[in-house]
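Trainee: Residue strings, one per chain:
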Amino acid sequence: MFGPNLFTNYGEAVSVILFVIGFSNLLLQKNLIKKIIGLNIMDTAVYLFLAEKGYIRDRVAPIVVDGIQEVEAYINPVPSGLVLTGIVVSVSVTAIMLSLTIRLYRRYHTLDLDEISMLLKKEGR
Amino acid sequence: MKKDSAFSRWFYGERDTLLDRVEMKPQTGHAPRAGEIRELMEERRLIREHIYDVEDNQKLKLFHRLYQVAAVVFCATLMLIMLVAVSWLPENGNPDNPVNNEVSARYIENGLQETGAVNIVTGMILDYRAFDTFGESNVLFISTVTVLILLHNKKKKETGAEDVAGGRANTAEKSRKSAGPAEKSGSIYEENLILQKIAGILVPIIVIFGVYVILNGHLSPGGGFSGGAIIGAGLILYQNAFGFEKTERFFTEKTYKWICFFALTFYCLAKSYSFFTGANHLESGIPLGKPGAILSSGLILPLNICVGLVVACTMYTFFAMFRKGDF
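Residue numbers (numbering that gives the first Met the number 0), protein chains in the order written: chain S, 0 to 124; chain W, 0 to 326.
Treat the hints with care, since some could be wrong.
Said to hold, decoys possible - Pairs of lysine-lysine, DSS-like flavour, derived with a Cα cap of 30 Å: (1) S:Lys34 to W:Lys58; (2) W:Lys196 to W:Lys245; (3) S:Lys33 to W:Lys60; (4) W:Lys323 to S:Lys33; (5) W:Lys60 to S:Lys120; (6) S:Lys29 to W:Lys323; (7) S:Lys121 to S:Lys33.
To be verified - Using C-beta positions, here's what the derived DEER-type ranges look like: (8) S:Leu118 to W:Trp9: 50 to 56 Å; (9) S:Asp111 to W:Leu79: 30 to 36 Å; (10) W:Leu268 to S:Leu112: 41 to 47 Å; (11) S:Leu112 to W:Leu79: 55 to 61 Å.
Since the hints were made in silico from the structure, they are not lab data. No residue lacks a Cβ here, since even glycine has one placed at the ideal position from N, Cα and C.
Extracted from the complex, chain S is given alone in its bound form (with noise of 0.2 Å):
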């Protein structure tokens, strides 16, 4: 069932048990703060896969030094650059998401989310 790499993969690896332990904190916290930090882990472990997959060994990040241009000098520049995207998306992200929790907040005083629906349902909602 597993293929050769795993232990070579563990950069990976590492990438993807931190994601699935950010997917359980998103499943199993009741606390909306406590769920988007969740989120927030899972931001990371795509960032350290996205970094990792760029990564060749004995090489170094991609700012010329010396005018060397050869592309055996350096590693790949492309997934560095689509990092940069995640982070500024998740920053966005979770920005909203903690001013819709302030909002719920002020109209529920509570940041459970069962008693949150619970107090909908009794609103009659």
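Start from chain S and add chain W according to the hints.
Mentor: For chain W alone, kept in the frame of chain S given last:
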């Protein structure tokens, strides 16, 4: 159609076809017995209490337990599937992986000549893929707008209107009214002597470091996003130490709007121009400069400054919104 046909008379409301054909009776209201309403209310209360009695609800407890077990099983399965997928991925760090194709080779080999940026990642995201970065800046801007819509305090305007009616009032007092009780008195900022002293030393260093990171975005690790985040953090530290009264002297909602507007418009126009000339093989007239010098690499430096401004303002705006709902 004839004016006085049956249909037209019905249509204009002169004739009711149901009149005299259907037996009609006025409804009589249901008169409740004495005490019936109270009985009904009591019944309803009991039903509600039974439904919402979460503590003693065995089914709900069973459901929660089942949900937790199912969630754990689902996560474990997901992890197993993804670990299997990872184990079949190509070897990490191998130069012959399919990820390392001609796209990245082209960026590395020709990036310095075509963009003038020493930092290949910056050259990539602000030149080859600049519209992508423009989209990112817009994502940040839109999320700030959403946060503004969700958290903006409307009390300020109301108290402002009262103040106008009541007479003159200074702006600092007005903005304090919409804040929390501790913020209102301003007392929380007077006690933090240690924080104020440390912030007085650190904030200039942090902001200068952020400016350095932005200006050297094409020469060293860094760029608009990271430098903007550093400057935003410095602003937040300054606000925490000295309060909104001090930051409002140079940063208000208006400042934010204008900075974001000008930065995003400049970015859009500059990049549209360079893409237009590039796609039509025209001379763009933007000097690339000597690689490694700070004034080099064409449009990347001004674009980095734009992105940095947007990000710094956005970070501080998020904080101000979460803190008290306005600037």
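Trainee: Which of the stated hints cannot be reconciled with the structure, identified by number in ascending sequence?
Mentor: Result: hint 11 breaks, nothing else.
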